[in-house]
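Asker: Protein sequence lines, in the order shown, are assigned to chains A and B. Going by full-length UniProt numbering, the residue at position 296 of the first sequence is 296; the numbering climbs one at a time, nothing skipped. Going by full-length UniProt numbering, the residue at position 11 of the second sequence is 11; the numbering climbs one at a time, nothing skipped.
Read the hints as simulated data drawn from the structure, not as lab findings. Using N, Cα and C, we set each Cβ at its ideal position, and we do this for glycine too.
Away from chain A, derived, C-beta distances all over 12 Å, residues of chain B:
1. Lys101
2. Val109
3. Ile134
4. Phe149
5. Gly150
Here are the in silico distance ranges between beta carbons for each label pair:
6. A:Tyr6 to B:Phe133: 34 to 40 Å
7. B:Met143 to A:Lys267: 44 to 50 Å
8. A:Thr235 to B:Gln121: 58 to 64 Å
9. A:Tyr28 to B:Thr129: 24 to 30 Å
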Amino acid sequence: MITIPYLTAVSTYFSYGLLFAFGQLRDYSRLIFDWWSTNNLQGYAPICLAHEDFYIRRLYHRIQDCFGRPIASAPDAWVDVVERYSNDNNKTLKRTTKSKRCLNLGSYNYLGFGSFDEYCTPRVIESLKKFSASTCSSRVDAGTTSVHAELEECVANYVGKPAAIVTGMGFATNSAIIPVLIGKGGLIISDSLNHTSIVNGARGSGATIRVFQHNTPAHLERVLKEQIAEGQPRTHRPWKKIIVVVEGIYSMEGEICQLPEIVSICKKYKAYVYLDEAHSIGAIGKTGRGVCELLGVDPADVDIMMGTFTKSFGSCGGYIAGSKDLIQYLKYHCPAHLYATSISTPSAQQIISAIKVILGEDGSNRGAQKLARIRENSNFFRAELTKMGFEVLGDNDSPVMPIMLYNPAKIPAFSRECLRENVAVVVVGFPATPLLLARARICISASHSREDLIKALQVISKAGDITGIKYFPAAPKKQEENKDSIKLD
Amino acid sequence: MMYVRALPTTDVNRNTEWFTYPGVWTTYILILFFGWLLVLSIFNCSPGMAWTIVHLAHFSVTYHFFHWKKGTPFGDDQGIYNRLTWWEQIDNGKQLTRNRKFLTLVPVVLYLIASHTTDYQHPMLLFNTLAVFIMVVAKFPHMHKVRIFGINAGQ
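Please put together the full structure from these sequences, using the hints given.
Answerer: What follows is the structure, encoded as structure tokens:
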């Protein structure tokens, strides 16, 4: 639940109104200016409609240096950020050859597999030498190696389902699989804050889409009842299939889905559950098996479990796990399996090795250590930030913590101030988040040490003081000092 | 320090969803009030003239952005709202919601203030009445997706 000070809300609307007004004035003057000058593009249609581009040209380009920063090293706990400069007020950015070493709070490197790992990397290099970088083929032609078969079995066992199918791209997993599962005459009920890949897949399927209020099982029940009673849009016939799509951890809120209630509601109304565990697989739960393990939901109750390997496993690609019949059907029908190139073999090997490390099958307890460390780090960081007076979203145990900024001017201010102090954070604004609720999103990794986190807290506190985002009163400092406490400004 | 809760909405249209969060109505009214003070200080006219100027400026700005411009200012939604004006997009097309009633009331209240403070004189009364008439008719539920004589129906 996001609590905004009223004055901040009013001033944020006012700032956006001002930015919008100036953007429109510049557009009008550009119109007049272009009317006078000639251009040599007669007869060509414009690439995009003038109004569609407005947000990117007039708001995004002004602070473009805060987004899309190139990095020059592996995304470990510390990363080399390439410095850029601009001669025309951020319309174009040019790279320099210099880079600065920054603390990395933006990568989804939850378990620290993002850089050299003593078990995974030698095996990946061996696999690269044996199988080469790409399979150069789709799965059904010549792109299935023994590693792919092992990977699908490994993933199915890890997640707790009978079978799994793996594709080469995480986004494409959602947008290519949902149209195969449901079509016209079906109903998709998705959480209002679902990821764009799910929205694209749902729109591409042709089914009717309804949205329920974010993470509110009571509203889901109301929507389900209403829709089942009404039936299909014009004919009022019963729906052919109803799929409810939720995510494990919502990447912009850091909240964990209320899975037990949602699963019980779906069972009651006989709807299928599609769980997208992109951020939660490998990061939460005692053995890293995701939100089902954390909340005590039987994996057999969730009909379709989807996830990606980009976040906790340090690789690429996505998977769908379900019953043997479902996976067999998908292998015959899913275009990502039939036509798209299969996941590259070294990446598949990285996933297998990462899963082995997490489960402790490599002979050490590094996996358990990593899982314990990420939980400890996340809870410590979140508690300290809340004590300093920041508004931090997300549940306990979730490694994603957004810090609310609200005002559009604070987005570049916070980002640049942190970069000046060698901390790389990711800031998000409209339209990825609602207009009012711009935020800086911090992702904690198991490879962050305690000193890294303390330095990050100091820098964020200083940047927060300068930009004025400590919206809540800071907690009073305790009088006694035990050996774990640190003095923060 | 007064805090408000920002409840998540079910509106997927990012162009109109911002209107459902707390603080919008207050900001709107404050912008109008400060606009009036600004006009008074720049033009050094009578308060009635200033209200007339604010009313007519409000009419032209809101008519252009609510009832003339179509679509959304970003390309992420793949152009599914490209035929709808902002007024037709808010609240997902549902008519007679609280937001719509508020937005219909503001021009009427502005009209009453403007005509009262100018003592109902010509020619300000004529302009004010025309403006409020066009504004209120454009917001009727029956005018949803109606394009008179095909004006603004293109693309």
